[in-house]
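*Asks:* Each chain, letter by letter, is given below.
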Amino acid sequence: MTEQINDQISAFIDDELPDEESAFLLRRFERDPDARGRALRYTVIGAALRNELLGPEPAILRRRIAVALTGAPPLPAQRVPAPWHSRYLRPLVGVGIAASVAFGAIIGLRALTDARLGTVAPAGTLSAAPLQTRAVDAPPSYVVPQEVVDAPAVTPAVRLTNYVVHHSEYASRLSRTFVRSNVVGAAEIVPAAEPPPPQPPPQFRQGTTPE
Amino acid sequence: MARSLLGRPLVFMTLALSVDASADEARQWLDKMNRAVEELNYQGTFVHVLEGTVETLRITHRNEGGRSAERIESLDGVGREIIRQDNQVQCILPDRRVVLLEARKDLNPLVSSLPSYSDELEPHYALKLRSTTRVANRAAQILEIKPRDDFRYGYMLWLDQATAMPLRSQLIDDKGAIVEQISFTAIELRAEIPPEAIAPTIDTTGFTMLRPPESSTLTAELSWRASTLPGGFKLSGATQSPIAGSEYPVEHLVYSDGLATVSVFIEDPHTKSEVTEGFSKMGSTNAYSLTLRGRKVTAVGEVPRQTVRTIASSLVTE
Chain A
1 MTEQINDQIS AFIDDELPDE ESAFLLRRFE RDPDARGRAL RYTVIGAALR NELLGPEPAI
61 LRRRIAVALT GAPPLPAQRV PAPWHSRYLR PLVGVGIAAS VAFGAIIGLR ALTDARLGTV
121 APAGTLSAAP LQTRAVDAPP SYVVPQEVVD APAVTPAVRL TNYVVHHSEY ASRLSRTFVR
181 SNVVGAAEIV PAAEPPPPQP PPQFRQGTTP E
Chain B
1 MARSLLGRPL VFMTLALSVD ASADEARQWL DKMNRAVEEL NYQGTFVHVL EGTVETLRIT
61 HRNEGGRSAE RIESLDGVGR EIIRQDNQVQ CILPDRRVVL LEARKDLNPL VSSLPSYSDE
121 LEPHYALKLR STTRVANRAA QILEIKPRDD FRYGYMLWLD QATAMPLRSQ LIDDKGAIVE
181 QISFTAIELR AEIPPEAIAP TIDTTGFTML RPPESSTLTA ELSWRASTLP GGFKLSGATQ
241 SPIAGSEYPV EHLVYSDGLA TVSVFIEDPH TKSEVTEGFS KMGSTNAYSL TLRGRKVTAV
301 GEVPRQTVRT IASSLVTE
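Taken in sequence, the protein lines are chains A and B.
Using this note's numbering, the letters of the first sequence correspond one by one to residues 1 to 211.
Using this note's numbering, the letters of the second sequence correspond one by one to residues 1 to 318.
Because the hints were derived from the structure by calculation, they are not lab data.
Careful, some of the hints might be misleading.
Stated by the list, open to error - Not the full set, but computed from the structure, chain A residues with beta-carbon under 10 Å of chain B:
hint : residue
1    : R159
2    : Y163
3    : V165
4    : S168
5    : R173
6    : L174
7    : T177
8    : V179
9    : R180
10   : N182
11   : V184
12   : G185
Unchecked claim - On the chain B side, residues computed to face chain A include the following (Cβ under 10 Å):
hint : residue
13   : L57
14   : I72
15   : V89
16   : L171
17   : K281
18   : M282
19   : V300
Keep in mind that this is a model prediction, so the values were computed, not measured.
Glycine included, each C-beta is placed from N, C-alpha and C at the ideal position.
Let the hints inform the model, and build the full structure from the sequences given.
*Replies:* Okay, here's the thing in structure tokens:
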């Protein structure tokens, strides 16, 4: 992604990009997964800074997110303490920037989403009018497949993906979204290392026979 | 003295009753959540945090006249999609140029009745209502589901106070660490979602379509059962399922404790199996494969690894 596009995204988020260029950028978001991913990741950063992603280990999770987003190595555990004013002001500035970025990304995302939904989107959720017009005019990206091939030979990952998809139909509603997110989100099924030998289970029962 | 002795049982009884009331209320929240995720119309963007990676996904869920349809799509990377509509499940894998097509199972009464948040959960999970907070700009009730052994994961749920929709869900391991997290950054509940909102967005022209065979039977029919199960797991169903891309169906056993589910797939001996033996995983979904009596057996579930291995390894024929 070029410096120019980065600048445009920043300006767009700050609402300083002219309408014409905004429309160009939004079109780019639709066809350029990198640009879209970048804008969406800002949402994650914003959410993380708003403490929405954080569990009992906020520092660890925040570092993981940073590593996931930037590809940079994890920060060392020990850091040189910053001056008190820097220590207190920096997070506030960071939260402010991230919040504005996340807000922009969410607005953009919502606009794209709502455009796909067409007239159902409540008008109040769209802040960029040109976007709605353009997206509605855009041709549908889905093309009905013309050629259907039944291929019995599958790769192991596909077979296991198939098992997981099959299994997700039987998962409880509580865990179904987790299982399906794993299917959609996982790039590959990875072989896992052997765990330590199992301890004797605390409570076992004999398998039941179906009625 | 006599007064304090008399008072103690009352205090204990009051405490016990309040604990029961809290567990009952927690179960009611679970039931409400169960209905909400299926019956409401919603669209939202959520982040999926797993093992240091963060992905953005979008879910669109539609319910009309009790028939639900859903699409979950990844907004990052290759952009996989899983679509459940009408009688079909489509999983589009653009990175492999493959579409997996499956018949929907949740229309089967057996499956739709699977999660029963009844008293049977009590010996295996402790349910507790925690504080209230805000997620995705909505008021949320926190609900903790803590397993009583190492054979299942726990959950921490942030449920929308108005609808019980899970706004944030965490899968927790036996050490209290977060295994996986889903958190909505934006969610819209709508009166209606049009059917076209569920349509695939990926052009699958030229992709390989893997469909289950229309009719096929097992060449060797054996009745398999797990001889050893972690407490609370029961056999919920045993079927022969056609599997996309395979000439022969697999035997499919489903074990559930009411919250966690483990599927066991037993391949036909004539199937040229390509599943690697040992552990595999897809996100937090664990799988364990081995060969028993010449048949490839794979257990899959959103449970710790020892659970899939325990169940798969204990399979016997009746």
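*Asks:* Determine for every hint whether it applies to the structure shown.
*Replies:* A quick look at each hint next to the structure:
For R159/A, the suggested interface contact is upheld, since its CB lies about 6 Å from the closest CB of chain B, less than 10 Å. With a cut of 10 Å, the hint placing Y163/A at the interface with chain B holds, because the nearest CB-to-CB distance is about 5 Å. Hint on V165/A holds. Least Cβ distance to chain B is approximately 5 Å, under the 10 Å limit. For S168/A, the interface hint holds, since its Cβ comes within 10 Å of a Cβ in chain B; the closest pair sits about 8 Å apart.
The beta carbon of R173/A is positioned within 10 Å of a beta carbon in chain B (closest approach about 5 Å), and the interface hint is therefore held. Checking L174/A against chain B: minimum C-beta separation of about 6 Å stays under 10 Å; hint holds. The beta carbon of T177/A comes within 6 Å of a beta carbon in chain B, closer than 10 Å, and the hint placing it at the interface holds. Nearest Cβ of chain B to the Cβ of V179/A: about 6 Å, under the 10 Å cut. The hint holds.
Below 10 Å, beta-carbon pairs count as interface contacts, and R180/A has one with chain B at about 5 Å; its hint therefore holds. Taking 10 Å as the C-beta contact cut-off toward chain B, the hint placing N182/A at the interface holds, the least distance being around 3 Å. Restraint check, V184/A versus chain B: the minimum CB separation of about 5 Å is within 10 Å; hint holds. Among the interface hints, the one on G185/A holds; its C-beta lies about 5 Å from the nearest C-beta in chain B, closer than the 10 Å criterion.
The beta carbon of L57/B comes within 6 Å of a beta carbon in chain A, closer than 10 Å, and the hint placing it at the interface holds. Using the Cβ-Cβ criterion of 10 Å, the hint placing I72/B at the interface with chain A is satisfied: the shortest such distance is roughly 5 Å. With a least beta-carbon distance of about 6 Å to chain A, the hint placing V89/B at the interface is held under the 10 Å criterion. Among the interface hints, the one on L171/B holds; its C-beta lies about 6 Å from the nearest C-beta in chain A, closer than the 10 Å criterion.
Residue-level restraint check for K281/B holds (minimum Cβ-Cβ distance to chain A is 5 Å; threshold 10 Å). Interface hint status for M282/B: upheld, as the beta-carbon distance to the closest one in chain A is roughly 5 Å, under 10 Å. Taken as an interface hint, V300/B checks out: its beta carbon lies about 5 Å from the nearest beta carbon of chain A, inside 10 Å.
Comparing the model with each numbered hint stated earlier shows that all of them hold.
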